[in-house]
Amino acid sequence: MNCNTLFSVLLVGVVALIGYRLMPPMVEANFTLTLSKSRGNIEKINQPREISATETVAIDRVKLNEKSRFQHKKLGPLGWSEHFFADIVSRFVVEEEGRYRFLVGSDDGFRLAIDGRVLCQYATDRPFRKQSCYQSLGAGEHTLELNYFQGYGNAGLTLEAAKDGEQAPAYWGDDIAGIQYITP
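Sequential numbering of the sequence shown, starting at 1, is according to UniProt numbering.
Just so you know, these hints were derived from the structure itself, not from any lab. It is possible that part of the hints are untrue.
[Stated by the list, open to error] Quick list of in silico lysine-lysine cross-link-like pairs, DSSO-like style, CA-CA up to 30 Å:
id : residue 1 : residue 2
1  : K37       : K74
2  : K63       : K44
3  : K37       : K163
4  : K73       : K163
5  : K73       : K37
6  : K163      : K130
7  : K37       : K63
8  : K74       : K163
9  : K37       : K67
10 : K73       : K44
11 : K130      : K44
Given only the sequences and the hints, what does the whole structure look like? Please build it.
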């Protein structure tokens with residue numbers, strides 16, 4: 001092998017490595033996360049919204065609390081550092097009716113609703129805590145809505161679910177027995 005061939009192979013390898021590093025990270029999209037920057041301070045989940053900017057991100061699971069920040073393990077930081085809302089709408093099918101446990105972790109406030117009915121919420125700011133709520137779901141299609149706000153300081157949002165008493169909860173977006181996601 002001559003020097004030109006060796007140099008060409010090395011150059012192709014370097015270009016491929018640079019291309020790989022420049023590609024933005026991607027995940028399998030199970031649902032869409034809409035982030036909205038507030039013009040002012042946010043004190044409650046249900047306060048009127050005055051939005052200055054929005055962005056939409058496709059995510060695979062609701063585990064957005066890496067290193068006490070609102071960030072995804074693979075996608076990195078999402079949204080802004082403070083005073084923003086995050087909204088997730090997820091359509092899913094329940095294969096077998098039953099009572100389901102939903103476990104919401106948040107640092108600050110949240111509201112979880114299924115088919116328009118609020119299951120649980122924490123309206124104001126707080127340090128990261130988890131809260132369980134239960135809902136009997138019939139077989140068929142349902143719509144989950146999770147709203148969150150970040151005031152200031154540490155941040156994070158998680159959602160886990162499982163059929164009550166059957167298994168440990170898994171993050172929303174991961175495989176959960178009896179639930180099939182309808183992807184956007």
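Hints, one by one, checked against the model:
1. K37 <-> K74: 22 Å, holds
2. K63 <-> K44: Holds: K63 and K44 sit about 22 Å apart, inside 30 Å.
3. K37 <-> K163: Given pair K37, K163 is violated - Cα atoms ~35 Å apart, limit 30 Å.
4. K73 <-> K163: 26 Å, holds
5. K73 <-> K37: Measuring from Cα to Cα gives roughly 22 Å; hence the hint holds.
6. K163 <-> K130: Satisfied, since the Cα-Cα distance of roughly 18 Å is no more than 30 Å.
7. K37 <-> K63: With a Cα-Cα distance of about 20 Å, the restraint between K37 and K63 holds, given a limit of 30 Å.
8. K74 <-> K163: 28 Å, holds
9. K37 <-> K67: 21 Å, holds
10. K73 <-> K44: Distance of about 27 Å is within 30 Å: holds.
11. K130 <-> K44: This hinted pair holds, its Cα atoms lying about 18 Å apart.
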